[in-house]
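K.L.:
Single-letter residue listing:
Number of protein chains: 2
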Amino acid sequence: MTNEAYRQMWQELGMDLRQHDLFLAALPEAFNTVFLSQSNRPQGMAYFDNLLMEAHGGRIREILDRKKEGKPVVGTFCVFVPEELIFAIDGVSVGLCGGAQFTVPAGERVLPRNLCPLIKSLMGFKLERICPYFQAVDFLIGETTCDGKKKTWEILNEYVPTYVMELPQRKEEPDLALWEREIWRLKKEVERRSGQIIDEEKLARGIRRANARREALRRLYKARQADPVPISGKDVLLISQLAFFDEPERFAARVNELCEELEGRMARGEGVAPKGAIRIVVAGTPMPIPYWKLHHIVESAGAVIVAEETCTGTRYFAGQVEEGGETLEQQLKALARRFLDINCACFTPNSGRVEDILNLAREWRAHGVIYYTLQFCQTYALEARRVEKALKERGIPVLTLESDYSEEDVGQLKTRIEAFLEMLN
Amino acid sequence: MTNEAYRQMWQELGMDLRQHDLFLAALPEAFNTVFLSQSNRPQGMAYFDNLLMEAHGGRIREILDRKKEGKPVVGTFCVFVPEELIFAIDGVSVGLCGGAQFTVPAGERVLPRNLCPLIKSLMGFKLERICPYFQAVDFLIGETTCDGKKKTWEILNEYVPTYVMELPQRKEEPDLALWEREIWRLKKEVERRSGQIIDEEKLARGIRRANARREALRRLYKARQADPVPISGKDVLLISQLAFFDEPERFAARVNELCEELEGRMARGEGVAPKGAIRIVVAGTPMPIPYWKLHHIVESAGAVIVAEETCTGTRYFAGQVEEGGETLEQQLKALARRFLDINCACFTPNSGRVEDILNLAREWRAHGVIYYTLQFCQTYALEARRVEKALKERGIPVLTLESDYSEEDVGQLKTRIEAFLEMLN
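As given, the protein sequences belong to chains D and Z, one line each in that order.
In terms of the working numbering, the first sequence opens at residue 1139 and continues consecutively.
In terms of the working numbering, the second sequence opens at residue 1139 and continues consecutively.
It is worth saying that the hints were derived from the structure and are not from the lab.
The beta-carbon is built from N, C-alpha and C at its ideal position, and this holds for glycine as well.
Any given hint could turn out to be false.
Said to hold, decoys possible - For lysine-lysine, the following DSS-like pairs were computed, each having C-alpha atoms within a straight-line distance of at most 25 Å:
hint : chain 1 : residue 1 : chain 2 : residue 2
1    : D       : 1471      : Z       : 1309
2    : D       : 1309      : Z       : 1309
3    : Z       : 1309      : Z       : 1552
4    : Z       : 1326      : Z       : 1309
5    : Z       : 1309      : Z       : 1206
6    : Z       : 1326      : D       : 1309
7    : Z       : 1471      : D       : 1309
Unchecked claim - Label pairs and their in silico Cβ distance ranges:
hint : chain 1 : residue 1 : chain 2 : residue 2 : range
8    : D       : 1311      : Z       : 1174      : 34 to 42 Å
9    : D       : 1546      : Z       : 1203      : 56 to 64 Å
10   : D       : 1311      : Z       : 1462      : 25 to 33 Å
11   : Z       : 1532      : D       : 1152      : 50 to 58 Å
12   : Z       : 1530      : D       : 1438      : 32 to 40 Å
13   : Z       : 1296      : D       : 1544      : 50 to 58 Å
14   : D       : 1296      : Z       : 1196      : 27 to 35 Å
15   : D       : 1544      : Z       : 1533      : 47 to 55 Å
16   : D       : 1330      : Z       : 1187      : 54 to 62 Å
17   : D       : 1296      : Z       : 1548      : 32 to 40 Å
In isolation and in its complexed conformation, chain D is listed as follows (with noise of 0.2 Å):
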């Protein structure tokens, strides 16, 4: 992107424009090492590609076009935020979730150390003023889904208007219902602050849309079954990333045209590494733009990630919502099952986890496992025992790792990793 193009946008969004280029300096070289330098990328990445290099410029210009339409900008934090409250009102939704060390000290100004990075890079992006989408949003919605963040919106409130939605940390009928009821607090509060009413058409669209984006998706998981794989998974994590930022319609439409050249590639049995490489599945914590670390080590030293059960991974978009709702309340009760499907480690006993691991294990053909959590995200990290005992169970090896957004562990990483691949050769 040309930054001086968008130099008096930001400013009137009120960024920290000497901090922001400071951000942004570091990230085309990270880019060109991580992404770029990799052989026989699919054409369709170039649309991704082009995607990040304009998340702070282009992006940020058609948002603020849309916000000068009247519809709301609303940011997220979280795979169990229903967007499709968002989506049938036109509005804009962003996943706000940090990925990036540099905000991690701005962040500790007002949240304890001991929490996890993902949390204190978010609120650093906001102290610093360095993020525009942090700038544009109307509002922001967070959940109860772990400790750190549930308390954290009551600090991040204090600079953005920040709604809160309580998940359950059950899924009993009670859960469903608390939470059902907790999406029907949700519309009011879009409503309310859009000035629009969501109504049954409206809303059937906002389900197709996220529906759309999810088979998409789904169809492009689908083609890293494949041996060799198709495309890499730095460049599926990339796209994965993304779809957070992103127009869904046309998100969806460049997905599956990225699909159609994946499934030639298949075909043609072609890939970007050779058949019978190493085959690895992610299993874990969030990965937010622009932490690769994980992905770039494993994959620089051969191996495939051929999956991610991550929050930008699969718990994004398994599972659809029921699209024959007719009433407002078949619909918000769809919407409310669809979500509370998710298996995230913060609901309790959360087996289905354990089989979703599994699955993937299985069908994506993986000779190992990486249970990756971030540091202090206490939810995952107590569950890897579970996670652990039944891969080994099935003589699935599994490596455990925890880890930050610096890149102080960098080479301990790398040992452990290229240690854990020698194995399964």
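Since the structure of chain D is already known, use the hints to place chain Z on it.
P.N.:
Below, chain Z alone, put in the same frame as chain D:
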């Protein structure tokens, strides 16, 4: 306690006698240093000193006798679990949070290191088989108050049957309804496990028993409003810790006897510290036996702790369960209300807690507040900011400390606490 007399009992409980001996060996000296070295202790403390000495001996024998009579023995870990349901059928309820560094390394064998010491300690007590209560219980009742505990119950359940109550995360009407259903569900579980029915009459008695204990503890706290203060913070902490282990009637009777002694002291203007001594309120996370570190440092420096806004303090006994209920529906609703009124950092928002701390500081005439959190306790650490802000606005000095169960930070804590007390002088 004479260990020899109890060795057979411990053996029958499946305990590791060697580890248990090691664990007990350090306690008498710690107890002498922390408690017996105090001057002018109330005579009424003798009962509680003895209760502590017999915690692994005589009290266990009593509990095993009750077990032989067919009464259930139930372990709990949180002030949100309504013991009224256990008291209703003359069951034994014991609080099993861990407060010892001794068992932390064992806990870390199955739990992440980045987890609060209370959880690691309780898990270690079970794994090391050095807690006779853990060995004697029929089942445990966990809850979803924090991420760490919520997911630890899944692991603990591999070793002891662990039932989980879902505490909601907000305090709105739908949350109260969910919580009320959870109390009904627990009632059924207690009935199922004990083979006894909890009817209106029994539950009314259970409620009266728990109310009487709370009433006695409130009276004890009330006495600490006096200047000079008639009892040390350390002694009250010990009493509060023991409340989780003793028979409620006997305990309440002994606390009331002690209160008479204290009220006599107040009438005579007699105390354990000089009139005008620096008065401190502690706010934060629980302090289970044998954690006495913070109180010992503060009171060794010449100040007195006059109230604890903790789970081993006001959160345990604040508010009563309405006794007028004639039907189970009314009684369980009353239970749900009293327990959901507890102000724990697990809720969002949780402004009631700020009010509680301000009230304590005002009515107990504190010169300052120490905000204390266990390491890796994210909810309380994140709530510090709001509490600090409210205290500062009212000109009440506050010192925020994070600590664990080790002795490693004693020097650093002393320095910071002495500097804080110096400033209050």
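K.L.:
What are the numbers of the hints that this structure violates, sorted from low to high?
P.N.:
Hints 3, 5, 8, 11, 12, 13, 14, 15 not satisfied by this model.
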